[in-house]
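Asks: If you want the building blocks of each chain, they are given just below.
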Amino acid sequence: MADTAPPLPREKRRKRADEPAPPDGPPVLAPRRLTLGQRIKRDRVMLLLTLPGLLYFVVFHYVPLLGYVVAFQDYQPYLGYMHSVWVGFANFSAAFAEPAFWSATFNTLEIALVQLVFFFPVPIALALLLNSIASDRIRRFVQSVVYLPHFIGWVIIVSIFQQILGGAGVLPDVLGGLGLPRYDMMSDPDAFPWLLTLQVAWKDAGWGTIIILAALLNIDRQQYEAAAIDGAGPRRRLWHVTLPGIAPVLILLLILNLGQILSVGFEQILLQRDAVGPDAGEVLDTYVYYHGIKDNDWGVAAAVGLVKAVIGTALVLGANKFAHRLGHEGVYRGADR
Amino acid sequence: MERPTRLGQTAKAVAVVVVVLAVAYPLIGVIGTSFASQTDIIKSSGLVLWPDHPTLDAYRTIFTGGVVTRALFVSVGITVIGTLASLLVTVGMAYGLSRREVTGSRFILMTALFTMLFNAGIIPNFLLVKGLGLYDTYAALVMPTLVSAFNLVVLRSFFMNLPEELYDAAKVDGAGDFRILVRIVLPLSKAVLAVISLFYAVTYWNAFFNSLLYLNDSDKWPLPMVLRTYVLQGQSLNSASAGEVLAPQQAVQMAVLVIAVVPILCVYPFLQRYFTKGVLTGAIKG
Numbered sequence: 001m002a003d004t005a006p007p008l009p010r011e012k013r014r015k016r017a018d019e020p021a022p023p024d025g026p027p028v029l030a031p032r033r034l035t036l037g038q039r040i041k042r043d044r045v046m047l048l049l050t051l052p053g054l055l056y057f058v059v060f061h062y063v064p065l066l067g068y069v070v071a072f073q074d075y076q077p078y079l080g081y082m083h084s085v086w087v088g089f090a091n092f093s094a095a096f097a098e099p100a101f102w103s104a105t106f107n108t109l110e111i112a113l114v115q116l117v118f119f120f121p122v123p124i125a126l127a128l129l130l131n132s133i134a135s136d137r138i139r140r141f142v143q144s145v146v147y148l149p150h151f152i153g154w155v156i157i158v159s160i161f162q163q164i165l166g167g168a169g170v171l172p173d174v175l176g177g178l179g180l181p182r183y184d185m186m187s188d189p190d191a192f193p194w195l196l197t198l199q200v201a202w203k204d205a206g207w208g209t210i211i212i213l214a215a216l217l218n219i220d221r222q223q224y225e226a227a228a229i230d231g232a233g234p235r236r237r238l239w240h241v242t243l244p245g246i247a248p249v250l251i252l253l254l255i256l257n258l259g260q261i262l263s264v265g266f267e268q269i270l271l272q273r274d275a276v277g278p279d280a281g282e283v284l285d286t287y288v289y290y291h292g293i294k295d296n297d298w299g300v301a302a303a304v305g306l307v308k309a310v311i312g313t314a315l316v317l318g319a320n321k322f323a324h325r326l327g328h329e330g331v332y333r334g335a336d337r
Numbered sequence: 001m002e003r004p005t006r007l008g009q010t011a012k013a014v015a016v017v018v019v020v021l022a023v024a025y026p027l028i029g030v031i032g033t034s035f036a037s038q039t040d041i042i043k044s045s046g047l048v049l050w051p052d053h054p055t056l057d058a059y060r061t062i063f064t065g066g067v068v069t070r071a072l073f074v075s076v077g078i079t080v081i082g083t084l085a086s087l088l089v090t091v092g093m094a095y096g097l098s099r100r101e102v103t104g105s106r107f108i109l110m111t112a113l114f115t116m117l118f119n120a121g122i123i124p125n126f127l128l129v130k131g132l133g134l135y136d137t138y139a140a141l142v143m144p145t146l147v148s149a150f151n152l153v154v155l156r157s158f159f160m161n162l163p164e165e166l167y168d169a170a171k172v173d174g175a176g177d178f179r180i181l182v183r184i185v186l187p188l189s190k191a192v193l194a195v196i197s198l199f200y201a202v203t204y205w206n207a208f209f210n211s212l213l214y215l216n217d218s219d220k221w222p223l224p225m226v227l228r229t230y231v232l233q234g235q236s237l238n239s240a241s242a243g244e245v246l247a248p249q250q251a252v253q254m255a256v257l258v259i260a261v262v263p264i265l266c267v268y269p270f271l272q273r274y275f276t277k278g279v280l281t282g283a284i285k286g
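The listed protein sequences derive, respectively, from chains G and W.
Okay, so the first sequence: first residue is 1 according to the working numbering, each after it adds one.
Okay, so the second sequence: first residue is 1 according to the working numbering, each after it adds one.
Among these hints, one or two may not hold up.
Said to hold, decoys possible - Quick list of simulated restraints, FRET-style, between CB atoms:
1) W/Gly77 to G/Arg236: 55 to 63 Å
2) G/Gly177 to W/Ile28: 33 to 41 Å
3) W/Ile184 to G/Leu217: 38 to 46 Å
4) W/Phe178 to G/Leu238: 50 to 58 Å
5) G/Glu110 to W/Gln38: 38 to 46 Å
6) W/Ala194 to G/Pro99: 20 to 28 Å
7) W/Phe178 to G/Asp279: 41 to 49 Å
8) G/Ala168 to W/Phe63: 22 to 30 Å
Claimed, not checked - Here are the simulated lysine-lysine pairs, BS3-like style, with alpha carbons at most 25 Å apart:
9) W/Lys220 to G/Lys294
10) W/Lys277 to W/Lys190
11) G/Lys41 to W/Lys171
12) W/Lys130 to G/Lys294
13) W/Lys220 to W/Lys130
14) W/Lys171 to W/Lys190
What the hints assert, rightly or not - These stretches of chain W come out as covered by chain G in the derived footprint (C-beta under 8 Å, 3 or more residues):
15) 41-50
16) 188-196
17) 205-214
To be clear, the hints were calculated from the coordinates, so they are not data collected in a lab.
For each residue, glycine too, the CB sits at the ideal point set by N, CA and C.
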């Protein structure tokens, strides 16, 4: 299309979105422009209020990025960044040569996948159930109950599960009472992804319903009535009205979840890694923790952390972009509305 | 619409009851066990819902042991101080960024929001905290999580949705930006501030990650670290001094859990009705 359009006069300055379009006709007196210094002076109170927060984000989120130089060094804490020896990509090849790294990667993906497939639908089902409760009072009561575990920390949740599923807990005891083998899920390596998923469901299924319930509220009631008049039963209404109605939100959530796939809960897994052993319980985050902070193998740990961070950020950015493609507001674009 | 079927109704009711029990049973069990005596615990399978012989022995053990008491002080301290500090900084930043015409506000906002997309990771953060001299200090439990970008976005969009006329009227009356914040904006934001305080308080109360990474000195440990050592890893809390009645280990562990959960249970009901709005603002705009 650039071929057909007449060349436009190049503008001196890129126009800002919030600026009013210049009026046609003879030029009027331009509004007085303040210099940058004058504008900063005008906004000084607001900017000053922003400063501590900005400082926090720079110091605790941007400055650490520089710390990734350790990934390319044979880092020795007593030598510091400046005097440690540069080793190029040796840390990366060391990590990639290690079976433990690949095992951690595999575990991370396996856990993430099990959670995605088996946890993702839970809040949706729960939200549909909550939504279908006719009594306002009962619904609100159930909501307050299911939101609560979200605020309980992982240490507490793991302790509670230990009490119920662990060796001396309720479940093995009940099984034993029935003459069945006393099954201890907490220390079964094969069950680890399922155990984690169960815990995540207990903690966050209720909390996850909030956004889905909001999407359900936005569905036009008339569609239900129309469908009912056309003879659709409850099940068909669910399938043809409710699910399409919340589909955009579900797709958005799914995409964002895919973006987070390398970050399965660090605290939750670290707390239970020892019970199942590193073969099943090591994920990328715990690998970094044990290599770096426990074994002082800083370079390799940082290298793995960097790989994870780069892929993770790329996945989140990609997922977000994909969400935009589908016409939704993603993570960051909507922020300025 | 046709009337719902009886079968459907029953299935729904059963599902609701199951969901509520699944959440409530473990919590009630923990509370019950913490009051249970040895005989109660032996009789049950590990969780006592309603102790036949309730006793406060477990709590007596905890509060005479010293370890839990000290951890409790640490946790309460960092929760109160951390929440106040976080609120102060978040309010300032959210307000400062709440008006689009402020020079550079868009850039600063993006600087903050981009941190939602990446995470510097364990090793660089650890080296930073060490480099700043925060290792083994209480500040390491607060500083690295001082502002949550999510809470910032929630608060900022709340401020932006306050009616423009309020700002204009205040300006006409000669109020400066700071006075507008303190006199007009904050009093109108009590509800959202309460929710954000809860979010922050819960983070500090549950602080495990930061204390695991940045606290070597077990004297400084907050409650979650103590929970891990004495409940999950099963270390014994009490060395029996002569003639003392020992509470059952399990009851003691559950009592520590109760102490860790009760503060949340206390504030939760008052704030629950504001959650939805806060979460949705954060989710949609964040």
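Asks: Confirm or reject each hint.
Replies: Now for the hints, and whether the structure bears them out:
{"no.": "1", "hint": "W/Gly77 to G/Arg236: 55 to 63 Å", "result": "holds, 58 Å"}
{"no.": "2", "hint": "G/Gly177 to W/Ile28: 33 to 41 Å", "result": "violated, 21 Å"}
{"no.": "3", "hint": "W/Ile184 to G/Leu217: 38 to 46 Å", "result": "violated, 31 Å"}
{"no.": "4", "hint": "W/Phe178 to G/Leu238: 50 to 58 Å", "result": "holds, 53 Å"}
{"no.": "5", "hint": "G/Glu110 to W/Gln38: 38 to 46 Å", "result": "holds, 42 Å"}
{"no.": "6", "hint": "W/Ala194 to G/Pro99: 20 to 28 Å", "result": "violated, 51 Å"}
{"no.": "7", "hint": "W/Phe178 to G/Asp279: 41 to 49 Å", "result": "violated, 58 Å"}
{"no.": "8", "hint": "G/Ala168 to W/Phe63: 22 to 30 Å", "result": "holds, 25 Å"}
{"no.": "9", "hint": "W/Lys220 to G/Lys294", "result": "holds, 19 Å"}
{"no.": "10", "hint": "W/Lys277 to W/Lys190", "result": "holds, 14 Å"}
{"no.": "11", "hint": "G/Lys41 to W/Lys171", "result": "holds, 17 Å"}
{"no.": "12", "hint": "W/Lys130 to G/Lys294", "result": "holds, 15 Å"}
{"no.": "13", "hint": "W/Lys220 to W/Lys130", "result": "holds, 16 Å"}
{"no.": "14", "hint": "W/Lys171 to W/Lys190", "result": "holds, 22 Å"}
{"no.": "15", "hint": "41-50", "result": "holds (count 3)"}
{"no.": "16", "hint": "188-196", "result": "violated (count 0)"}
{"no.": "17", "hint": "205-214", "result": "holds (count 6)"}
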